[in-house]
Each structure stands twice: as structure tokens, then as C-alpha cells.
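Trainee: Work out the full structure: start from the sequences and follow the hints.
Number of protein chains: 2
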Amino acid sequence: MRKPYSAFAYDANDRMGTFFSTEVWMAATLRDVASLAGVSVRSVSNVVSGHPHVSGDLRDRVERAIADLDYRPNPIARTLRTGRTGLLMLVLPEIDVPYFSGLARDVIVAASERGYRVMIDQTGHDHARERDLLRGGERGMLVDGMLFAPLATEEELDGVPTASSTPLILLGEHRFDGRFDHVAVDNVRAAYDATTHLIEAGRTRIAAIGAQPKLGYTTPLQRAAGFTRALEAADARPLKDRILTAARYSRNDGYTAARELLSRSPRPDAVFCFTDLLAIGAMRAAFDAGLSVPEDLAVIGIDDIEEGRFSRPSLSTVSLDTPFIAEEAVERIVARIEHPDAEAREIIAPHALLPRESTTA
Amino acid sequence: MRKPYSAFAYDANDRMGTFFSTEVWMAATLRDVASLAGVSVRSVSNVVSGHPHVSGDLRDRVERAIADLDYRPNPIARTLRTGRTGLLMLVLPEIDVPYFSGLARDVIVAASERGYRVMIDQTGHDHARERDLLRGGERGMLVDGMLFAPLATEEELDGVPTASSTPLILLGEHRFDGRFDHVAVDNVRAAYDATTHLIEAGRTRIAAIGAQPKLGYTTPLQRAAGFTRALEAADARPLKDRILTAARYSRNDGYTAARELLSRSPRPDAVFCFTDLLAIGAMRAAFDAGLSVPEDLAVIGIDDIEEGRFSRPSLSTVSLDTPFIAEEAVERIVARIEHPDAEAREIIAPHALLPRESTTA
DNA sequence: TTGTAAGCGTTATCAC
DNA sequence: GTGATAACGCTTACAA
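Top line first, the protein sequences correspond to chains A and B.
Each residue of the first sequence is one higher than the one before, starting from 1287 at the first, in the working numbering.
Each residue of the second sequence is one higher than the one before, starting from 1287 at the first, in the working numbering.
All clues stand as given, with none of them false.
Listed next, with one range per pair, are the computed distances between beta-carbon atoms: (1) B/Pro1524 <-> A/Leu1501: 56 to 62 Å; (2) A/Arg1595 <-> B/Gly1401: 38 to 44 Å; (3) B/Asp1412 <-> A/Gly1464: 38 to 44 Å.
Just so you know, these hints were derived from the structure itself, not from any lab.
Source: prediction; values computed, not measured.
Every residue, glycine too, gets a C-beta built ideally from N, C-alpha and C.
Mentor: Here it is as C-alpha cells:
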């Protein structure tokens, strides 16, 4: 039974009265439950919030009233009072990039295990938006904590008020300055491992795709560094202009860059793509140019998206363990919400080289 | 400048006093702004909410105070008062299924253009969860409206209180009973078109993948119906057990089902998959069996996910126009939030056959 | 153990 | 046009 409400016979202090035939239904409140059960709001609140000190008889009466009225606590009112929303915000560039949708999935699951729900914010590479989010714009008050995954520049991270603002966890970047909790990926090492794999497969003319045209994003810089370092370590003869840019890390950007690459002479015999999506595009470009992978061109990416396990050939890659990242990030943010002054920590997520057909067939 | 707060010298009614050296900072409230500007809270609220009746001088004073205090309105308090959260909830089975992450992306964009933000709820095929969401569980009060995309059964949709509950838009199903707004896909027709395309390509032993093992989900039933109808219309000789089940619409389910299919004799020469993801898996199964697509097996899906445009061969499919669906769904939900009693409408999203290499090379 | 009442930060209803 | 003040529905001292 839900409580009826009629405009001309409504009394805020005694809404339980008679049954009116009307179309408007009001949600029951604590006070309605209290007055139906003949107890105080305090007691009802105790029952609802699972407070320990309630006698069995009273609890029964209250629970019956709750069922009768189909009462559900209003989360907004509760939040205004307690300051806790039970909401986490996950900020990422684009939800439909497989790596990020996979991460989102894992974050949602991990959060729900700890009683939190997740709002997703797509920045769409909008820097003003990212900065606003970091400074805790209007939205800040709506969420208990933020998981921040976009490709951010170091400058962007500076000037973020560290105390006072919404608890924040950085995801994926590597540089750690002690201000924010940080679940990182060892990008330099991941790129190093991928490149070394190409070298060990006997490739000698190795290029890369994924540098950013102008902005100082940390991730691409680190992956480029790992690439270069691996070539130096192997004493490989450097290709001219060996790192191509890709603005968006889309399949199409990989396609375009690879086509450019394949028109060169001498043609590269291997390409390390900063993400799997770029690699997928690169492989397609090779086929369209009449080449075969890996015979003419070995291709490797980073991310281990499922698409690469089913592509033809299957895509060699470096797996980034998103379940670990998600799990750890949620655990950290929950800890920080409870202890805002705890020291910031950095956690490095494991990664693993996964050789598949695109480099080893 | 942000307002300082000190435990031993704090006065709720005059928090502007002196500057204390302390670590705890409180967010400024309307009253702080009012007292700094020397006006009433009412006037500040007017300015903040863009109310028309405010004199220029007063507005200036208030705006300066807002800037000085770095004041941001508290969305929770505003919500408690107005009943509007500015939040939409998008319910879907799994965010990392490309079709749904694409839809989510488009919904988030469309919502943000209308001043709404989006919470995503992953049901993970949990029926109890879906039902609870539909009945407006605790979460209901947190959002202004719900966009419901999971594969729901008809029984599930019955027993949902239609008035009184959170505004609801159904996405993707076809049956329309006039109770809920509905942005639908003509699943029967889409499946019919895909199947007819295979027939016209000269295929004679056509199978399908994607029926659900037991539950009465609407979408698979409709796609199966379209498939059958197309074969009947063409007077094609039916294959025995021609529709295989796939519990989750994953690449792997497509792979498994296709492998079963390809071991039969006579072997099918074409397969219609209820989704692109199943089709991707089916293609890989064909390659692993030493067959080629489309020569030995033509493959077509539904969804038009980007992955299919880059796969080898590229995947023939039926495009579902998610931007249209998202746009329309958000427009409908916003309209319904504003006019709860408006008559429920059904909108059919367009679809289009996209023949590609997997059926026509 | 349970009741009373004071806010949480807004918006909206009254007066002026 | 602007100023006091009462809600919105909940949690939680403080009392009993």
C-alpha cells in the first residue's frame, strides 16, 4: 500500500489519515512510518540504519509499518545530513574505447562490492572539463571520491588543491609526487618489453605508433621512452622518424599512421603500437596494402583487449590487469574517504607480455 | 580564497571572521556569501539560480562575494529542496559489450547537452537486480529518470508500477503496450533483412546463432522470428536445428556455437548471428577450422560495431543507429520528467543493411 | 532504550 | 526587489 495524497486534504503532520482517491502518490517518509507504528522517528531511523539498540517488539512494529507503507529511505536527505553520497566518480576520456569500458566494468563491480555506486564522466579529451573536475567543480559535492583515468598532463595535475577537495585516485600514469594516491602502470617497462619482444623475434626495422602531436601527456611519453630505451639497449640501428603520432588512439588513427609507414622505403618490418586499438588499425592497413602479418610486418600493442584475442591474426600485446587496477583503486579510494589524512601511496599494477600470432606465427 | 575553519573558534552564523591557520576548510554556503555581500540569502539564491528579478548593483556585490569565497552551490541540498537531481540512470547488462558502451557514450553526450548527467548500472544479467531497479528501489529517488536497456522478459516488465514511479524509457525491445515510452528497434525486420541478404547472396544452407537457452527475452525471440520468416518467404529448405543458442552474446559464445555448427554435415554455408560480437567469434571459429569467410561460410551480424569494420574480412551487419536511439531516448525522458502524465509513445529507430566482405567478397 | 529537536544548504512562501 | 523564515527528509546530540 502506498500513501495517497490529496491537495485539498493534506496535512504534513498527519498524512496517514484517510484514503483519498486521487492520482498523486507521495513517497512515505520516516515520520509517516513513525506515526503508523506509534513510535518516534528516532526509533524508525534506528531500525532503518541497522542501529544496534532497538528492542525486538519495537523493531517488529516498525518493520511492519515500513512494509505497509512501502517506505524507502530518501538517499538525498540522508546525504545532506551525513555528507556521504555512496557515489564514486570514474573520469575517463571515452567510455567506448575497449580498454576503458573494460576498466569501467571492473570498477563498477569492485565498487558495488563495497557498497558504492559509480558515475561515469567522459571528458572527451576536453582539458577545461578535466581541470574543472580536478578542482572539484559543482560535481565534487555529489561524489565521495574520484577515480581519474584520463590522459592528463603534468601541468594539469599541478594547481589541484590537495587538501579540502574530493578524495582522488590517479589511474594509469606513472610519475608520483606524493600528493595523490596512485594506481600506476609501469608504462616505460611495458613498452620496453613489447619492443624487446620484436627485437628478439629478429626484427630490425622497428617503428612505433602513438606519440601525441603536441600535448605533454604522460602515458605516451613514457611509452615512447620505453620504446627508445629498448632499441638502445639492443643497439639496434634507429629508423628515421620512427615514432608516428596518433591523436586519438582509435583504430582509424592506427590505420592512417600505418599506411604512412608502409609507404616508406625501406619499409619497417615491425611496429609497436601504444595501444591495441592502434594495432588493430595497423594490421588492417597492412592487409589493405597487400602485406601479411607477421611475415611482412610484425605488430604488437598494449592493453590486451578481447578483440585482439579474436582478430586474425591474433594480436600480440602487453596485458595490463585491469581487474587488479580497478580493485586496488576502489580499495584505495574507500580507505581515503575514511582516512582523508593518510599518506598517499603508489601501487604499480603488474603487466605481462602476451606473444600471439601477430608477431610469432 | 576559501573559508577557514577552526574547531575552537567556529560560529555557524559568522564563519567569515578571522583567518585561522588550520588544515580543515569548509565549503562556503549561501549564508556565507549573503553575509559577506551584506544581503539576504534569498538574493544570493536568486543570483545563483539566474532568477530574473535582481538589480544590477546587488548582483555585482553577490557575484564578487561568490568569487571571493569560491562558492559552489551544494547540489544535494538543492535536490532535497527541488526534488530534481539532474541525474539519469542508464541500465544495461554489461558496459564492456561494444554495442552497449557505444550506446552509453551517445547517451552521456546527449544527456549532457540537456544538462543531465548519467549513472550507469550494470545488471550483469541479474534478474532480481533488474526487477528491483524497475520497481524503483532505493536508487529511484536518486535519479530523475531511467533508461532501461537490458534484455528483459515480458513478465519482468509486468508488475512495474506505472504511475508514481521514476520516469522510465525502454530501449531496444519491440513490443509496446502503451505503458512506457519506448525507443525500439525493429528486431524482426533487422533479422529478416540480414537473412534475406544471405539468401540473395546465393546461400542455401543457412543457420543462425543467438537464441537464448531458456528465458523469454524479447530481442532474441524477435530476431529468431525474423530469421525464420525470411527463410519461409524465400521458400528455402530449412536446416535441421538451424538456430543455435548463445547464453551471453560474447565472442566466445559465438566461437563455441560456430564450431559446433561447422562440425555438422552437410556443413552450413552461411550463418546469421544475432549480434556482431557473436559473428566475430564465429569468423574466428571458421578460420581455426581451416575454412575461409565468405567462400566457405558467409557471416553476418547485427549492431555495426566498429570492430567489424576493421576485422578481416570486414563484417557484414545491420546498423542500428545508436546515436539516434540515444538522442531520442534522452529527449523522451526529459519530456516525461517535465510532463509525467503525457501519453507514452513508441519510436522505431531506423536500421540499415551494411554488406561487407564477410558475405560478398 | 526511546523521544524531542536541531540542523545539513537549498528553494519558495510570505511579508514589506 | 529584497528580507526573514519555513520546509525538503534524514541523522544525531541531548534528554528522559
